[in-house]
Amino acid sequence: MTRPPVRPPRKNPILRTRLPTLPPAARSRVALGLTAAAARGRFELQVCRDCGTVQYPPREACRACLSPRLDWRVQDGNGELVAETTLRHSHELFFRERMPWRLGLIKLDSGPLVVAHLHGDCGSPPARVRVRAHLDRAGQAALLALPDKDTPHMADDRELRELTCDPKFRKVLVTDAKTPLGQALVEGLAGAGADLVWAGAAEPWKKPPGFERVKALPQVAIVPLDLTDSRAVKELAGEIGGRVDILINNADHHRNFGIAARDGVETARAEMDINYFGLLRLAQEFAPAMRARGADGPSSAVAWVNVLSVFALSNFPPHGTYSASKAAALSLSQCLRAELAPAGVRVINVFPGPIDDEWNQTLPPPKIAPARLAADIVTALRGGAEDVFPGDVAQDWLERWRDNPKALERELAAMPKQ
Amino acid sequence: MTRSRAAYDDVVVAVPVTVPYVRYSIRGAHWFLAAALAALIKRAGLGKDQIDGLCVSSFTLAPDTAVGLTQHLGLTLRWLDHIPMGGACGIVALRRAARAVQSGDAEMVACIAGDTNHTHSFRLNLATFSQFARDAVYPYGAGGANASFAFLTAYYMRVYGATREDFGKLCVAQRANALQFPHALMKKPLTLDAYLNARLIADPLRLYDCVMPCAGAEAFLVLRRAAAEELGLPYARILATIERHNAFPDDPVQYRGGWALDRDELYAQAGVGPKDIDVLAAYDDYPVITLMQLEDLGFCDKGGGPDFVRRESFTAAGSFPLNTSGGQLSVGQAGAAGGFLGLVEIIRQVTRKPLGAAVDNARLGLASGFGMINYDRGLCSGAAILAADQ
Ligand SMILES: [Zn+2]
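In order, the protein sequences belong to chains A and B. Residue numbers for the first sequence, in this note's numbering: 1 to 418. Residue numbers for the second sequence, in this note's numbering: 1 to 390.
Hints listed in this document are in silico derivations from the structure and should not be mistaken for laboratory results. There's no promise every hint is true.
Interface residues of chain B toward chain A, partial, derived using beta-carbon atoms under 10 Å [as the list claims (entries may be wrong)]: (1) A34; (2) L185; (3) I201; (4) P204.
Ranges of calculated distance between the beta carbons of each label pair, as one might list FRET restraints [said to hold, decoys possible]: (5) T163(B) - R69(A): 12 to 22 Å; (6) A292(A) - T128(B): 51 to 61 Å; (7) H118(B) - A26(A): 49 to 59 Å; (8) T163(B) - G120(A): 21 to 31 Å; (9) R256(B) - R158(A): 55 to 65 Å; (10) T128(B) - D150(A): 30 to 40 Å; (11) A289(A) - L73(B): 29 to 39 Å; (12) S103(B) - L19(A): 57 to 67 Å; (13) T119(B) - A26(A): 36 to 46 Å.
Non-contacting residues of chain B with respect to chain A, defined by C-beta distances greater than 10 Å in every case (computed) [stated by the list, open to error]: (14) R3; (15) G104; (16) L126; (17) A127; (18) R134; (19) V137; (20) G141; (21) L200; (22) A247; (23) V253; (24) R311; (25) F320; (26) D376.
Note that the Cβ used here is the ideal one computed from N, Cα and C, for glycine as well.
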């Protein structure tokens with residue numbers, strides 16, 4: 001059984017920080033289908049539309065009937081571990097630094113045979129296991145076999161932890177801790193075992209309800225942070241930037257109007273100043289240190305979370321300028337993702353539907369509750385995905401968008417003004 | 001009714017060549033292949049222009065193929081083949097070349113296989129070995145065939161009761177053979193104790209279960225019997241051959257190879273049975289695959305490998321002479337030349353010209369090949385039975 005981990009010792013500041021290494025990232029284009037699904041937290045394999053054969057590794061044609069009509073379909077991942085090994089030697093630095101490393105050969109109930117990372121709690125072959133797809137530190141899909149049934153401290157498995165960004169024993173910055181979502185995030189992270197949560201506060205004099213309780217948590221330190229102020233961002237980065245393992249940017253400026261409803265650009269500029277330039281300021285000041293700490297021991301820098309909006313995918317006219325600012329942030333986050341990739345730091349984009357807060361007051365339900373959204377973000381950190389669509393509305397938009405983006409655009413244009 | 005395959009008539013194989021192996025080399029693959037060809041024509045007493053057919057196997061020849069090699073080595077040929085089949089390339093080269101000579105498409109086919117080994121080339125080859133390896137094995141830290149053979153060794157041990165001692169007995173015997181073979185890279189005796197306690201590589205595989213990658217080359221010449229006699233070359237007759245690719249694709253773990261499908265045909269074409277074989281060269285990149293060949297080639301039943309190993313002895317002077325040059329496990333694995341090593345040794349034994357230990361009265365030899373861990377298993381298998389001249 002996985003033993004509960006002990007808190008890693010404090011880092012010796014004299015020792016050189018290890019440079020990040022990554023698992024091999026090269027894949028054929030067809031294999032990126034596995035990565036595309038894993039990015040959304042799903043394990044999908046190619047299924048032949050003509051004969052139903054499920055196959056792995058990914059191919060250009062069906063291995064049974066040669067049809068090129070292959071669909072990626074969600075798999076339950078259930079199967080039998082038929083053989084295992086423990087690598088003591090690897091030609092790749094990433095694994096050399098992490099030896100020994102357990103691997104399994106699993107016969108999936110759906111047919112294919114897969115090589116997968118093997119969780120320490122999986123029994124010796126023959127044993128039932130569940131195979132999952134996670135993004136690895138290189139940002140590519142990797143398969144992982146978990147024991148048939150959950151075990152205590154399962155999330156603390158060494159190989160699993162290399163595929164997740166678990167907040168346990170890590171230091172986290174939440175950029176806006178005063179909103180209901182921010183408070184729920186700080187509490188959720190403290191509950192998940194984070195060592196320290198820096199709670200960003202833009203306007204120290206504001207005392208929203210519930211904030212005193214958050215402030216009193218032993219893991220929490222309030223830090224001044226106004227994303228519209230370049231100098232303030234730089235100062236905070238100078239103070240804590242070298243220790244942030246996970247950064248969650250939930251700062252958000254949201255006004256609901258389109259183009260015709262208002263004169264001038266002041267409100268839109270204010271949205272951009274937080275939602276887009278705020279992210280840019282943060283990235284410029286905090287990303288370099290995180291990039292340098294991608295391999296900094298068992299509690300290295302691991303994740304950057306952007307709370308975007310499902311409106312980033314396709315403009316929602318009643319919230320038109322807000323949608324535009326989130327689309328801009330989405331584009332910028334892809335740039336950040338590329339720049340953090342060499343360090344193995346994962347950029348997780350969260351695309352909630354309307355949050356149940358004051359700025360969506362006039363939107364009809366369903367709306368996602370801040371506490372639920374915060375819980376989904378903590379779950380995402382413990383999982384292996386990089387694009388997260390919490391709540392029913394976000395899932396619905398995503399499916400429509402994936403199915404036909406033009407149809408979604410028309411549907412959103414036709415929605416009644418609130 | 002299946003049509004019976006044509007015999008190889010008076011096509012023979014001669015001039016076994018080994019270019020001495022080195023652990024690392026700064027030379028390119030072309031250097032080793034050139035050295036093999038030079039030794040071959042010198043020993044055959046031929047001019048380069050008398051070679052009209054060439055069959056090439058190499059992993060490190062890129063960006064060249066056999067075509068580039070013709071210009072590189074100044075050869076004008078009327079028959080050319082390139083066989084990228086790793087451990088099965090020797091058997092397959094023999095099959096292709098024999099039919100070319102038999103049909104008259106070529107008269108003298110030089111079959112050469114070799115590779116260089118730079119300090120980094122092994123790693124680079126692993127990373128680009130196959131699409132499936134790149135997509136579904138290499139990202140897991142598994143270097144080349146080690147993890148795949150660890151899986152199938154563990155499976156074979158669990159299902160058929162093989163022990164580490166069984167594998168060790170084979171490795172120790174092969175090392176004893178290698179001590180008499182001048183080109184073996186391993187020059188010290190191996191004890192069972194040292195085998196059992198060697199450094200772990202990928203459980204249950206330890207150091208002496210794995211071949212040492214190196215640089216080197218092997219070659220042989222396929223020609224008509226009359227031509228061989230005219231040149232005064234000792235030769236072996238080709239009684240039968242088989243090859244198979246991607247056999248038993250639905251076995252969950254590889255516990256048998258293509259030989260199991262084709263061995264009846266092999267022995268029927270040769271007109272002999274397993275008991276008639278005097279010396280066996282089994283493909284031995286890991287000892288478990290030798291046990292599988294003992295079973296699949298009919299020397300014992302499926303699952304009988306461990307008992308067979310416990311019962312027999314495997315040095316050149318033993319009850320069952322096996323890998324008498326030392327095999328890849330003790331000679332080294334010079335890339336594609338590993339697919340030739342066993343066949344070249346069988347030619348030497350049945351022509352009574354071994355470089356190392358001789359098998360008494362070796363009349364019939366069987367060479368077996370196995371290659372290409374494309375994903376989770378070896379895809380190519382083959383075998384050939386060679387006979388001494390009457
Ligand atoms: Zn099909």
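Hints and how they fare:
no.	hint	in the structure
1	A34	29 Å, violated
2	L185	19 Å, violated
3	I201	5 Å, holds
4	P204	8 Å, holds
5	T163(B) - R69(A): 12 to 22 Å	48 Å, violated
6	A292(A) - T128(B): 51 to 61 Å	31 Å, violated
7	H118(B) - A26(A): 49 to 59 Å	20 Å, violated
8	T163(B) - G120(A): 21 to 31 Å	26 Å, holds
9	R256(B) - R158(A): 55 to 65 Å	36 Å, violated
10	T128(B) - D150(A): 30 to 40 Å	39 Å, holds
11	A289(A) - L73(B): 29 to 39 Å	57 Å, violated
12	S103(B) - L19(A): 57 to 67 Å	60 Å, holds
13	T119(B) - A26(A): 36 to 46 Å	21 Å, violated
14	R3	27 Å, holds
15	G104	37 Å, holds
16	L126	6 Å, violated
17	A127	6 Å, violated
18	R134	6 Å, violated
19	V137	6 Å, violated
20	G141	3 Å, violated
21	L200	5 Å, violated
22	A247	15 Å, holds
23	V253	5 Å, violated
24	R311	27 Å, holds
25	F320	28 Å, holds
26	D376	6 Å, violated
Hints 1, 2, 5, 6, 7, 9, 11, 13, 16, 17, 18, 19, 20, 21, 23, 26 from the earlier list are contradicted by this structure; the remaining hints agree with it.
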